[in-house]
Amino acid sequence: AQKITQTQPGMFVQEKEAVTLDCTYDTSDPSYGLFWYKQPSSGEMIFLIYQGSYDQQNATEGRYSLNFQKARKSANLVISASQLGDSAMYFCAMREGGAAGNKLTFGGGTRVLVKP
Amino acid sequence: AAGVIQSPRHLIKEKRETATLKCYPIPRHDTVYWYQQGPGQDPQFLISFYEKMQSDKGSIPDRFSAQQFSDYHSELNMSSLELGDSALYFCASRRRQLNTEAFFGQGTRLTVV
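As they're listed, the protein sequences go chains G and E. Numbering of the first sequence is given in my numbering, commencing with residue 1 and proceeding in unit increments. Numbering of the second sequence is given in my numbering, commencing with residue 1 and proceeding in unit increments.
These aren't lab readings, by the way, just hints derived from the structure by calculation. Glycine is no exception: its CB is placed at the ideal position from the N, C-alpha and C atoms. Treat the hints loosely; a few may be bogus.
What follows is a list of derived Cβ distance ranges for each label pair [to be verified]:
#1 E:Thr111 with G:Gln2: 23 to 31 angstroms
#2 E:Pro8 with G:Pro116: 30 to 38 angstroms
#3 G:Thr60 with E:Glu14: 43 to 51 angstroms
#4 E:Lys15 with G:Glu17: 18 to 26 angstroms
#5 G:Ala71 with E:His73: 41 to 49 angstroms
#6 E:Lys22 with G:Asp55: 34 to 42 angstroms
#7 E:Arg96 with G:Lys73: 41 to 49 angstroms
#8 G:Arg111 with E:Arg109: 17 to 25 angstroms
Calculated pairs, DSS-like style, for lysine-lysine (alpha carbon to alpha carbon, straight line, at most 30 angstroms) [unchecked claim]:
#9 E:Lys15 with G:Lys3
#10 E:Lys57 with E:Lys15
#11 G:Lys16 with G:Lys70
#12 E:Lys15 with G:Lys70
#13 G:Lys73 with G:Lys16
#14 G:Lys73 with E:Lys15
#15 G:Lys3 with E:Lys57
#16 E:Lys13 with E:Lys52
Please take these sequences and the hints and turn them into a complete structure.
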């Protein structure tokens, strides 16, 4: 079974509008971390936001917020006030095992194109 | 701030040749990961090291090997290269004690012709 599922292969968003990128995950580990990374066309992997499984509040980082619904095992990324520079591939990822955990498992990604 | 450094940034090799990719983690980071990202694919975990010892192994072919040295830099050695090895290879590092994100290098783009 897929550990991380991103059901939106691609989407358009109008500049200055908000966009929600879906991510669902599957784990039996009570301690895990969820991450979102941005990969522009240049290829680098840029960390955006992190949510720990025990965090009570949704994570926020500037224009990025994570809508964490633990019971539904979803960790959707919300980008507010989209900018042209937000056009990129976005990956949701999970690390299991808390602080002692190791590798990241990635979803298939969602390509976002911001239209002026 | 110092970031993860990977070299070379681009590499072109012929089939059956060997390649060595290098990774210099962020200072005081004790864990290094290697990932392979094929065209249009998500990154796939290859191998990781913690304090210079292999800590986890993923879908790394037997033709590949890796190690972490005393100065914490890591090298991924790839032999008998195949066309399918063409990919973007990422190195990432973190401090295991801190429950934080892994910081990625800019990647090495390997093209096998």
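Quick rundown of the hints versus the structure:
1. E:Thr111 with G:Gln2: 23 to 31 angstroms: Given about 29 angstroms between the Cβ atoms, the range holds.
2. E:Pro8 with G:Pro116: 30 to 38 angstroms: Because 36 angstroms falls inside the window, the suggested range holds.
3. G:Thr60 with E:Glu14: 43 to 51 angstroms: holds (49 angstroms)
4. E:Lys15 with G:Glu17: 18 to 26 angstroms: violated (47 angstroms)
5. G:Ala71 with E:His73: 41 to 49 angstroms: About 43 angstroms separates the Cβ atoms of alanine 71 of chain G and histidine 73 of chain E, which means 41 to 49 angstroms holds.
6. E:Lys22 with G:Asp55: 34 to 42 angstroms: holds (36 angstroms)
7. E:Arg96 with G:Lys73: 41 to 49 angstroms: About 25 angstroms separates the Cβ atoms of arginine 96 of chain E and lysine 73 of chain G, which means 41 to 49 angstroms is violated.
8. G:Arg111 with E:Arg109: 17 to 25 angstroms: With Cβ atoms ~19 angstroms apart, the hint holds.
9. E:Lys15 with G:Lys3: violated (33 angstroms)
10. E:Lys57 with E:Lys15: holds (25 angstroms)
11. G:Lys16 with G:Lys70: holds (29 angstroms)
12. E:Lys15 with G:Lys70: violated (47 angstroms)
13. G:Lys73 with G:Lys16: holds (29 angstroms)
14. G:Lys73 with E:Lys15: Status violated; Cα separation ~43 angstroms.
15. G:Lys3 with E:Lys57: At roughly 17 angstroms apart (the allowed maximum being 30 angstroms), lysine 57 of chain E and lysine 3 of chain G satisfy the hint.
16. E:Lys13 with E:Lys52: holds (28 angstroms)
Checked against the numbered hints given earlier, this structure breaks hints 4, 7, 9, 12 and 14; the rest are met.
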